[in-house]
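Novice: As a plain string of letters, each chain reads:
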Amino acid sequence: GAVVSQHPSRVICKSGTSVKIECRSLDFQATTMFWYRQFPKQSLMLMATSNEGSKATYEQGVEKDKFLINHASLTLSTLTVTSAHPEDSSFYICSARDLRLRSTDTQYFGPGTRLTVL
Amino acid sequence: AQSVTQLGSHVSVSEGALVLLRCNYSSSVPPYLFWYVQYPNQGLQLLLKYTTGATLVKGINGFEAEFKKSETSFHLTKPSAHMSDAAEYFCAVSGYNTDKLIFGTGTRLQVFP
Numbered sequence: 056g057a058v059v060s061q062h063p064s065r066v067i068c069k070s071g072t073s074v075k076i077e078c079r080s081l082d083f084q085a086t087t088m089f090w091y092r093q094f095p096k097q098s099l100m101l102m103a104t105s106n107e108g109s110k111a112t113y114e115q116g117v118e119k120d121k122f123l124i125n126h127a128s129l130t131l132s133t134l135t136v137t138s139a140h141p142e143d144s145s146f147y148i149c150s151a152r153d154l155r156l157r158s159t160d161t162q163y164f165g166p167g168t169r170l171t172v173l
Numbered sequence: 019a020q021s022v023t024q025l026g027s028h029v030s031v032s033e034g035a036l037v038l039l040r041c042n043y044s045s046s047v048p049p050y051l052f053w054y055v056q057y058p059n060q061g062l063q064l065l066l067k068y069t070t071g072a073t074l075v076k077g078i079n080g081f082e083a084e085f086k087k088s089e090t091s092f093h094l095t096k097p098s099a100h101m102s103d104a105a106e107y108f109c110a111v112s113g114y115n116t117d118k119l120i121f122g123t124g125t126r127l128q129v130f131p
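Chain order of the listed sequences is A and B. Position 102, counted from 1, in the first sequence is what my numbering calls 157; the numbers after and before it change by one each time, with no gaps. Position 98, counted from 1, in the second sequence is what my numbering calls 116; the numbers after and before it change by one each time, with no gaps.
Careful: at least some of the hints might be erroneous.
[Unchecked claim] Restricting the straight-line Cα-Cα distance to at most 27 Å, the calculated cross-link-like pairs of lysine-lysine (DSS-like) are:
{"no.": "1", "chain 1": "B", "residue 1": "Lys87", "chain 2": "A", "residue 2": "Lys110"}
{"no.": "2", "chain 1": "A", "residue 1": "Lys96", "chain 2": "B", "residue 2": "Lys67"}
{"no.": "3", "chain 1": "B", "residue 1": "Lys67", "chain 2": "A", "residue 2": "Lys121"}
{"no.": "4", "chain 1": "A", "residue 1": "Lys119", "chain 2": "A", "residue 2": "Lys75"}
{"no.": "5", "chain 1": "B", "residue 1": "Lys118", "chain 2": "A", "residue 2": "Lys96"}
{"no.": "6", "chain 1": "A", "residue 1": "Lys75", "chain 2": "B", "residue 2": "Lys118"}
{"no.": "7", "chain 1": "A", "residue 1": "Lys119", "chain 2": "B", "residue 2": "Lys67"}
[Unchecked claim] Not everything, but these chain B residues come out facing chain A in the computed CB check (under 8 Å):
{"no.": "8", "residue": "Glu33"}
{"no.": "9", "residue": "Ala35"}
{"no.": "10", "residue": "Asn59"}
{"no.": "11", "residue": "Gly61"}
{"no.": "12", "residue": "Leu62"}
{"no.": "13", "residue": "Lys87"}
{"no.": "14", "residue": "Phe108"}
[Said to hold, decoys possible] Some chain B residues close to chain A (C-beta under 7 Å, calculated; not the full set):
{"no.": "15", "residue": "Pro58"}
{"no.": "16", "residue": "Gln60"}
{"no.": "17", "residue": "Leu74"}
{"no.": "18", "residue": "Thr116"}
{"no.": "19", "residue": "Asp117"}
{"no.": "20", "residue": "Lys118"}
{"no.": "21", "residue": "Phe121"}
By construction, these hints were calculated from the structure, which means they are not laboratory data. Keep in mind that this is a model prediction, so the values were computed, not measured. Virtual Cβ for every residue (Gly too), placed ideally from N, Cα, C.
Please take these sequences and the hints and turn them into a complete structure.
Specialist: Right, here's the structure in full:
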């Protein structure tokens, strides 16, 4: 149980284009989803938190107009990197949590999406 | 505010040897503590967690960790390393009244035959 998927797993795009990454909870309803960014050989940095039906809360220093997050339903959140540039190249990981589960403290992570901007 | 410090970015052990990965935390509220494992180009898998209750927590793959409040530590151990344990390990902290997981910088475990 508690499986989270991400699509695509890997994407290469040209500078200036936009890229959408999907995060889905497959067997539970994710009332809260989180988006992280991980640079090579570094830890995960939280970018934003989204609750279903409301706007995402972005961490300090994260441009909300560049990283658009939509928690469209209880099983889907999307991250759109707009006008991507090479410095946006990174490993993006989502996680999900179901407040209705007993383990409300646990986040379940997706497998990640590697974005390369040329 | 919360933070996590993982001492040692790289740890190398021989197969069959004890694994010890160190984690110290700082938290202004009672902490929830987690260990996650990440294999190359994959997401994070929960190894174990401490929220309340018993301070010695057992997780998957033979790992365990002990919450020591007096030392603000949550070190991860495994009595006997396997080659398949080679991965990146992250310690993380959150709390009862916070949604956020704060991660340490990670420790890469290498296991030699």
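Novice: If you test the structure against every hint from before, which numbers come out violated?
Specialist: 1, 3, 7, 8, 9, 13, 15, 17, 18
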